[in-house]
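Asks: Here is what each chain is made of, one letter per residue.
There are 2 protein chains.
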Amino acid sequence: MPRVVKRPDDRRNEILDAAQALFFERGYERTTVNDVIAQIGISKGGFYHHFSAKEDLLEGITARLAQDAVARVRDLLEDPSLDALARLNGFLARSRQMKVEDAPKLRAAFDVVFRPENLVLYHRINAASIAVMRPVLTGIIAQGKTEGVFAVPDPEAAAEIILHLGASTHDAVARTIAATGTADEDAAIEALDQRLRFYGVAVDRILGLPDGSIPFVEPGFTRAVMTAR
Amino acid sequence: MPRVVKRPDDRRNEILDAAQALFFERGYERTTVNDVIAQIGISKGGFYHHFSAKEDLLEGITARLAQDAVARVRDLLEDPSLDALARLNGFLARSRQMKVEDAPKLRAAFDVVFRPENLVLYHRINAASIAVMRPVLTGIIAQGKTEGVFAVPDPEAAAEIILHLGASTHDAVARTIAATGTADEDAAIEALDQRLRFYGVAVDRILGLPDGSIPFVEPGFTRAVMTAR
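Note that the protein sequences, when read in sequence, are chains A and B.
Our numbering applies: residue -14 is where the first sequence begins, and numbers increase by one.
Our numbering applies: residue -14 is where the second sequence begins, and numbers increase by one.
Wrong hints could be hidden among the right ones.
Since the list gives no way to pick out one identical chain from another, each pair is judged satisfied if it fits inside one copy or across any two copies.
Said to hold, decoys possible - With a Cα cut of at most 25 Å, we get these calculated DMTMM-like pairs of lysine to aspartate or glutamate:
(1) K84 to D96
(2) K39 to E141
(3) K90 to E102
(4) K130 to D189
(5) K130 to D(-6)
(6) K29 to E102
(7) K90 to E44
(8) K39 to E102
(9) K130 to D156
(10) K130 to D178
(11) K130 to D60
(12) K130 to E175
(13) K(-9) to D20
(14) K130 to E(-1)
In case anyone wonders, no lab produced these hints; they're calculated from the structure.
Just chain A, with the same shape it has in the complex:
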């Protein structure tokens, strides 16, 4: 039987496809590297050429999902008629829409990633996502600075600060996950909503914009994502 030689990127994507399907089907915890290997019929050596551990798969999946998300808003990012604020708000609105559409999968992923013992995983996923988003956000902020609307000394530094700010919502999200399905659910969702609103205000202010310029939540968004099954 002739050996099928795949290009490295194809093989890498094939491994990520299989892992992503298994993680959602069986759960991240109950999936092993051997399951992924068996699913696509490659050797252990072939797997470990691309990834050194199961955690790397989640990081790779995150980077790919972030790249996909950026590709799906490419039209907005490249539309020459948009000023920076419209581009940023359009991008965020589309991201929220995608999150609501994928809410059941997203919520299942949250259940794993926000466990206290998975804090490391959370930070690795966050770093993988920040690496993809940094150039996109830097470009939008640079446009806003050129237009004289965003008041920041250094667009890349502003982008990094804003993206890292996301981690400040970690504990509030974790509390909401813990409260889902209990009597505290409504209060936890309202608290997270407030936190996200203030997160939006912090971003407005870092960019030198009036409060409320960049809405991070709209009515029902937090509930739709956090209670999806």
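Chain A is already provided as a structure; the job is to place chain B on it using the hints.
Replies: Just chain B now, with coordinates in the frame of chain A:
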């Protein structure tokens, strides 16, 4: 020989004292849990009653150092004559002074904590430090809100956001560490200085203050800490 029964907190502190001394003397990587156990002559069981791994020791040391730092500025935190902005700036100035005094030890710790493979350790140490600082900063921001000077909806959320913002400087610090002693040293220190200045501006803005209200660096501070040996 009568067995010496120590109170749990005393024993815990004794373990942390020994670990802290060994980490600074031999380096974190070259110190093992067995070294710590041998140094104070306790049983393995006695050690694992308090800590589950070497990483826990660094987290415990960080929390203790943060508590010590807060204790050393207690006078500023409790001085009834200070308004919130003066209290916050006094607290930060004192923190910088302590960092410069401890610069050689701090720089040696940075060498370990900012290695790419120690990102997890960095986040755990950061979380331990944030847990100690959160109530302190929340108190100051609440005072500033009451005085009508800090414009924030929720002092605790503002404190959490500001403390998490610290992690956005991780990569810039890591780059400066890598550049120390090379031809790029001056440029890396200047880049980190700029980043820290913008970090200060981000904090000003999040608190609704004019840019420059809360200086995060003063001339020579970054160089003093980053080039200490």
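Asks: Decide, hint by hint, whether the structure agrees.
Replies: Here is what the structure says about each hint:
| no. | hint | in the structure |
| --- | --- | --- |
| 1 | K84 to D96 | within (15 Å within a copy, 39 Å between copies) |
| 2 | K39 to E141 | neither (32 Å within a copy, 36 Å between copies) |
| 3 | K90 to E102 | within (21 Å within a copy, 30 Å between copies) |
| 4 | K130 to D189 | both (13 Å within a copy, 19 Å between copies) |
| 5 | K130 to D(-6) | neither (37 Å within a copy, 54 Å between copies) |
| 6 | K29 to E102 | between (27 Å within a copy, 24 Å between copies) |
| 7 | K90 to E44 | within (16 Å within a copy, 34 Å between copies) |
| 8 | K39 to E102 | both (15 Å within a copy, 16 Å between copies) |
| 9 | K130 to D156 | between (32 Å within a copy, 23 Å between copies) |
| 10 | K130 to D178 | between (29 Å within a copy, 21 Å between copies) |
| 11 | K130 to D60 | within (21 Å within a copy, 43 Å between copies) |
| 12 | K130 to E175 | between (34 Å within a copy, 22 Å between copies) |
| 13 | K(-9) to D20 | within (20 Å within a copy, 49 Å between copies) |
| 14 | K130 to E(-1) | neither (41 Å within a copy, 54 Å between copies) |
Hints 2, 5 and 14 from the list above are not met by this structure, while the remaining hints are.
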